[in-house]
Amino acid sequence: MSARHLRGIDDVGADGLLRLLDLTDHMAEVGRRANPKVPALRGRTVCNLFFEDSTRTRMSFDTAAKRLSADTMTLAVGSSSVNKGESLRDTVETLEAMGVDAFVIRHRSSGVPWRISEWCTASVINAGDGWHQHPTQALLDLYTIRAERAARGAEGFENLRVGIVGDIRHSRVARSLTEALVLLGASVLHIGPRTLMPPTPLAPSTDDLDAALADLDVVYLLRMQLERIDSAVVPTGEEYSRRFALTPERAKRLGENVLVMHPGPINRGVEITVDPAYLPGSVITQQVTNGIAARMAVLFDLLGGVDLDVGSPAIGSGGAAS
Amino acid sequence: MSRDAQGGGVLLAGGTVIDILGERRVDVRISGGAIAEVGERLDAADDEVIDVSTMVIAPGFVDLHTHLREPGMTEAETIETGSRAAALGGYTAVVAMPNTDPTQDCVSVVDFVRAEGRRAGLCDVHPSASITVGRAGERLVPFAELAAAGVRIFTDDGSGVQDDGLMRRALEYAGELGLTLAQHCEVSSLTAGAVMHEGECCSHLGLPGWPALAEELMVHRDIELVRLTGSPVHLLHLSTARSVELVRAAKADGLPVTAEATPHHISLTDERLRGFDPLFKVNPPLRTIRDVEEVRRGLIDGTIDAIATDHAPHPGHAKERPLDSAPPGMLGLETAFGVARAHLDLPLRDLIALLSWRPAAIAGLGHLHGRPVEVGEPANLTVLDPSVEWTVDPDALASRSSNTPYRDVPLVGRPRHTFLHGDAVVRDGVATR
Chain W
1 MSARHLRGID
11 DVGADGLLRL
21 LDLTDHMAEV
31 GRRANPKVPA
41 LRGRTVCNLF
51 FEDSTRTRMS
61 FDTAAKRLSA
71 DTMTLAVGSS
81 SVNKGESLRD
91 TVETLEAMGV
101 DAFVIRHRSS
111 GVPWRISEWC
121 TASVINAGDG
131 WHQHPTQALL
141 DLYTIRAERA
151 ARGAEGFENL
161 RVGIVGDIRH
171 SRVARSLTEA
181 LVLLGASVLH
191 IGPRTLMPPT
201 PLAPSTDDLD
211 AALADLDVVY
221 LLRMQLERID
231 SAVVPTGEEY
241 SRRFALTPER
251 AKRLGENVLV
261 MHPGPINRGV
271 EITVDPAYLP
281 GSVITQQVTN
291 GIAARMAVLF
301 DLLGGVDLDV
311 GSPAIGSGGA
321 AS
Chain H
323 MSRDAQGGGV
333 LLAGGTVIDI
343 LGERRVDVRI
353 SGGAIAEVGE
363 RLDAADDEVI
373 DVSTMVIAPG
383 FVDLHTHLRE
393 PGMTEAETIE
403 TGSRAAALGG
413 YTAVVAMPNT
423 DPTQDCVSVV
433 DFVRAEGRRA
443 GLCDVHPSAS
453 ITVGRAGERL
463 VPFAELAAAG
473 VRIFTDDGSG
483 VQDDGLMRRA
493 LEYAGELGLT
503 LAQHCEVSSL
513 TAGAVMHEGE
523 CCSHLGLPGW
533 PALAEELMVH
543 RDIELVRLTG
553 SPVHLLHLST
563 ARSVELVRAA
573 KADGLPVTAE
583 ATPHHISLTD
593 ERLRGFDPLF
603 KVNPPLRTIR
613 DVEEVRRGLI
623 DGTIDAIATD
633 HAPHPGHAKE
643 RPLDSAPPGM
653 LGLETAFGVA
663 RAHLDLPLRD
673 LIALLSWRPA
683 AIAGLGHLHG
693 RPVEVGEPAN
703 LTVLDPSVEW
713 TVDPDALASR
723 SSNTPYRDVP
733 LVGRPRHTFL
743 HGDAVVRDGV
753 ATR
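Sequences listed follow chains W and H, in order.
In terms of our numbering, the first sequence is residues 1 to 322.
In terms of our numbering, the second sequence is residues 323 to 755.
Incorrect hints may appear among the rest.
Below, simulated EDC-like cross-link-like pairs (lysine to aspartate or glutamate); rule was C-alpha separation at most 20 Å, straight line [said to hold, decoys possible]: (1) Lys573/H - Glu546/H; (2) Lys573/H - Asp623/H; (3) Lys641/H - Asp730/H; (4) Lys641/H - Glu93/W; (5) Lys641/H - Asp717/H; (6) Lys641/H - Asp90/W; (7) Lys641/H - Glu118/W; (8) Lys37/W - Asp53/W; (9) Lys37/W - Asp62/W.
Derived CB-CB ranges, DEER-like [said to hold, decoys possible]: (10) Arg242/W - Leu499/H: 30 to 40 Å; (11) Val734/H - Ser87/W: 29 to 39 Å; (12) Arg619/H - Glu227/W: 40 to 50 Å.
Not the full set, but computed from the structure, chain H residues with beta-carbon under 8 Å of chain W [claimed, not checked]: (13) Ser511; (14) Gly521; (15) His526; (16) Leu645.
Simulated from the structure, these hints should not be mistaken for laboratory data.
From the three backbone atoms N, C-alpha and C, an ideal C-beta is built for every residue, glycine too.
Next up, chain W with everything else stripped away, as it sits in the complex:
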């Protein structure tokens, strides 16, 4: 049984997440082929509706759709050009009239994918709404954790301890990932100053990164928006880094199998002051790679892709049809 939308983690639940993780495995296998394209969603149209700039996420979704042979259209409306009076509903209804099976939506305002899903019959996939949710990021993060831990001989989410460091309050990545990890039985610790925490905690929290570090299996660093420093939510960037950045000293204290993750793009010198390329536990590049497979899994699942024995060479070669 598939959900119709992926607006937030709520839309899938624990079983749905595990199913999507397994499906991501298949999609990752497709991605490793010489020809990483399959015909699963041929004839389907995916519309990328980006009201906020996001080159990486948009390219990741676009690549995922193309690898499944879906047609794509992209409307990138930079936030600067979005007139506050513009009717979202009119935009969506116009596009849907062109024949859209799924909208991939990024918007700077929390909740927009929920509203849009009330106005159209297409599936709605949230590619990030305000400070609220970013479920495909959570899915690719879960997948990366599962795959990288398996490669290091560890399994399951039940005893996993994840520390999310930084601006939890304004982070859709933190909200989706926390919700997903807790659903799967992991324990989550939010690490940062009170001014960057939500008014009501979404997980146990601390402002002492050094004390927390020893007990973590995953250190997940959030991007620190520089405008938060300007608006005096933290006193200075320098002080933030001293308290909450992954510094070379802290990196040395990480256990051998501890994963270091970041949703990108990284503010070098702010949340991380060590070159991630020299961090043995860094899986930041793998996150990006896995993003395509995770988004393929979501598109395939929601759009009811059929006949996809993605492991079958016959279909794999059939994917060459265009």
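Start from chain W and add chain H according to the hints.
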């Protein structure tokens, strides 16, 4: 203009009168704009007889807080459509909020609103005026000049007066003239960008919060300014438990503080925002169940003096914007009685007090509205059907906008007839003009 002037009057037969004097079963004859006779089994003579035997005859309601949107925002509402909504809601008088465009901060705009209200002829429209010019929070309006034009309530509603010193001077100056300042309590430095109540719900939804403290700090400040100046303050749309406590303590100290609460703050909580529907966005925001219960308690024990609607129409497209950029506000006039009835455990007479004579006194309208149903009194009445069941249909409301948060909600009780200066402006639930 009034119909009965042309011939016989109207006899309301078989109903129950509920007013400030109590409850009694009597007929009421209306003639010449006034109540001509009250008594048992009155002779119809050549009057039109309206059978109100299952109904309650009450003084018309008075809304201390109506946004009529004219001048300037007539796509949302006009003085006429808002007056019609008011009449259908049982209101015979409304205080029109000054956040129009241009602002009701000078005699010419105030006179325009009053004249348009009179032209519509559906309820008495009493314009309020702002406290500061353009509601900018900087310079005081000409209070005496506006008072001479009939304004009794002054407010910068939509925002609070942030400057403590300015508010103090406003109270000193206006209090001396016998005027009442009404405050929208919100310390704006605590609510920058706020979309909904700050708490658990906003933390999950990733929306900037409007902390209860932002209201309570200004409630507290204004109470202390009343203590200092002796001038009265009316606190608009209280929404938090602590605000109610502060007002209760102020009243115990004998301070001239009055307060109102809206039907939505006693019936809806911030959980309604979980679907991100801007229909539930309002300022002050919907709060927690604990706040809702305390505001109800405040209305029941008399801490809060009146129910006021904060009727705030917005066109449909404005409520289709993302939640953070959609304007706050919801309709209230046509549903206030039914919603209040469903959420306040009060005898009907106490409920009518909160809707009629108490707000009439605060608005300085006690000589015209909320009067006892007695011979010689102006016939500003509403006839309530207290047991009729109905369901809110946004498209069937008389307001030009349809942003009610009560779509498809079943309610019990609805005004059936409304008389304005003896004229039947609503008959059988239908506006006559």
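Cross-check of the supplied hints:
1. Lys573/H - Glu546/H: Status holds; Cα separation ~12 Å.
2. Lys573/H - Asp623/H: holds, 12 Å
3. Lys641/H - Asp730/H: Roughly 18 Å separates the two Cα atoms, so the pair holds.
4. Lys641/H - Glu93/W: holds, 16 Å
5. Lys641/H - Asp717/H: holds, 15 Å
6. Lys641/H - Asp90/W: Distance of about 13 Å is within 20 Å: holds.
7. Lys641/H - Glu118/W: Between Lys641/H and Glu118/W the Cα gap is close to 14 Å, so the pair holds against 20 Å.
8. Lys37/W - Asp53/W: The given pair, whose Cα atoms are some 27 Å apart, is violated under the 20 Å limit.
9. Lys37/W - Asp62/W: It holds: about 13 Å lies between the C-alpha atoms, which stays within 20 Å.
10. Arg242/W - Leu499/H: 30 to 40 Å: violated, 58 Å
11. Val734/H - Ser87/W: 29 to 39 Å: With Cβ atoms ~37 Å apart, the hint holds.
12. Arg619/H - Glu227/W: 40 to 50 Å: holds, 43 Å
13. Ser511: Ser511/H check fails; min Cβ-Cβ to chain W is 12 Å, beyond 8 Å.
14. Gly521: Interface hint status for Gly521/H: holds (6 Å vs cutoff 8 Å).
15. His526: holds, 7 Å
16. Leu645: holds, 5 Å
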